[in-house]
Amino acid sequence: MIKFILRRIALSLPVIFLIATTTFFILRLAPGGPFLSERAIPPEIQANLQAKYGLDQPLWIQYGRYLRSLLRLDLGPSYRYPERTVNEIIVEGFPVSFELGLAALLVALLIGVPAGVVAAVKHRGFLDRLTMSVVLAGISVPTFVLGPLFIFFFSLTLYWFPPALWGSPEQLVLPAITLGTPYSVYIARLTRTEMLEVLQQDYIRTARAKGVGEFRLLWRHALNGALLPVVSFLGPAVADLVTGSIVIEKIFAIPGLGRYFVESAFSRDYTTVMGTVLFYAVLLIAANLVVDVLYKFLDPRIEYR
Amino acid sequence: MASILQTPADVLPAALSLRGIVYRRMRRDPWMLLCATVLGIILLASLLAPWIAPYSYEQIDLKLGASPPNSAHWMGTDTLGRDLFSRTLYGGQISIAVGVVGTLVSLLIGVLYGSIAGYRGGHTDEVMMRFVDLLYSLPYLFLVIILLVFFSSSILMLFVALGLVQWLTMARIVRGQALSLKNAEFVQAARLSGTSGTGILFRHLLPNMLGPIVVYATLTVPAVILQEAFLSFLGLGVQPPRSSWGTLISDGAGVMSLFPWLVFFPAAILAAVLFSLNFLGDGLRDALDPRLRHD
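Top line first, the protein sequences correspond to chains A and B.
Oh and the first sequence: position 12 is 11 in numbering that gives the first Met the number 0, straight run, nothing missing.
Oh and the second sequence: position 155 is 154 in numbering that gives the first Met the number 0, straight run, nothing missing.
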């Protein structure tokens, strides 16, 4: 087990290095720069700015410097917000995105799993058709339509929840539901397929023959087996939640990391862009590793090499 | 002679060719037929936009402004007085093109990669699939955003970038198929008779994997269309005055409480297309999945 984890970490290191290198060169080879804004800056000041951040040096020297500071886990100063470092921006923005993502995941599980179980039990019945159609409809409406729609109904018409901004628990509700809905859909489908499979297995018949109540049979015996693939779906889902939250943060004016990323990309803030991408890459690799380890605990049949 | 040869085909149950499955499924499930019809109509209307659209997509009429649906503009007009129906039709061309080309790019990479990994097996397979596992855990859309922001966000770049995001799952599916097919007797026979690796791949493996590939491609198209819309919402998709369904929705969403029709029509069309594609893809996948076929 320890060996498996170490091996995975060792495999990830070159990938992280590769991402760092690729983003660095993509950004530098692209036309434009952080200080070439529409506001004309006198050439002397521009030269000074370039010199301050070492942008006047040859590319490979900049690259070397960048890698060396990465080893110290220092992502460098932000060009867009001169008095802040990228580390500070991440520390400030990420907890917000994380809270949003976690709440959305919770919403997805709370809707998705029960819906999938119901659909599987009533397989081919009316309820199955209904849930699966609702589920498909859920994927077919993009979150950036769902979000404004929710704001329109629940904030501007019914006054139930605040339409935007961040801080109070009520402000978490609408964004979390908006972000979570598409994933509840995937989870519902996955749960349904797996439940259908599990319900045909011998151990379910045995349990039923021994007189286990139908409710307990479904929600404990069967669901335990059916949830395994759902767990493995959670790894990639974290990736999607992270990217999805970019749009949600924009709609609900939430000061999360996703919004910083887009803003800094538009203003060619090299360090913030590279830092955020790298941070998310490490996060996602870690999330996938955690999910794989969790999987192993839940299903002792799986062997790791 | 001919009649003798034809008899078995009539007596035996229909072979599970892709076309056969699609046909049977459609006949049994009227909902799938409905979805296919809706999809067909929207597709055709978009393709024929230059002949159907009553106005051009960039014809501005500031005096008109944003007007609700009426007899002259039956989807209404946007804030610049452009006809929404025409813009939705032309936008469909772009959205559909992005979906199809993105899927083709992902097909090209995914099928080649997956079939090589699966057919070679052993160490090659191990290394290639570990690589895919790792790529799975990358924040792809972030890289796409970088590509689009830092280089021009041209339609071509959009095609390539979105295709690059989508090939991983395709590679996994194809690899699984190749792995299970490579020891089949007909492949062994081909190998024994001296067919080269590429020959086996293209003549024997690929035709037999076509079912799952086509089904998964049906599910990839809506995913790519949705991603284009996602990028458009961030201002990275198609640039004005051209429009895609994504840019129309994103423009409309901003003024939703004032001019609700501007978001309603494009969103409804996009949802109908995504729903139909997903419904068809799901149905076909269930039909092809041997685990689900018997019930």
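Do not rely on the hints blindly, as some may be mistaken.
Listed next, the stretches of chain A that the computed footprint assigns to chain B, with coverage defined by at least 3 CB atoms under 8 Å from CB atoms of chain B [what the hints assert, rightly or not]:
(1) 147–159
(2) 236–244
(3) 264–271
(4) 278–290
The hints are simulated quantities; they were obtained by calculation from the structure and are not laboratory data.
Please read these numbers as outputs of a predicted model, since none were measured by experiment.
Idealized CB from N, CA, C, for every residue including glycine.
Exercise. Taking a Cβ-Cβ distance under 8 Å as contact, does the region 278–290 of chain A have three or more residues in contact with chain B?
Worked result: holds (count 6)
Exercise. Mind checking, does the region 236–244 of chain A have 3 or more residues with a CB under 8 Å from chain B?
Worked result: holds (count 3)
Exercise. Does the region 147–159 of chain A contain three or more residues whose Cβ lies closer than 8 Å to a Cβ of chain B?
Worked result: holds (count 4)
Problem set entry | Check of the region 264–271 of chain A against chain B for coverage (Cβ-Cβ below 8 Å, three residues minimum) | holds (count 3)
Comparing the model with each earlier hint shows no violations; every hint is respected.
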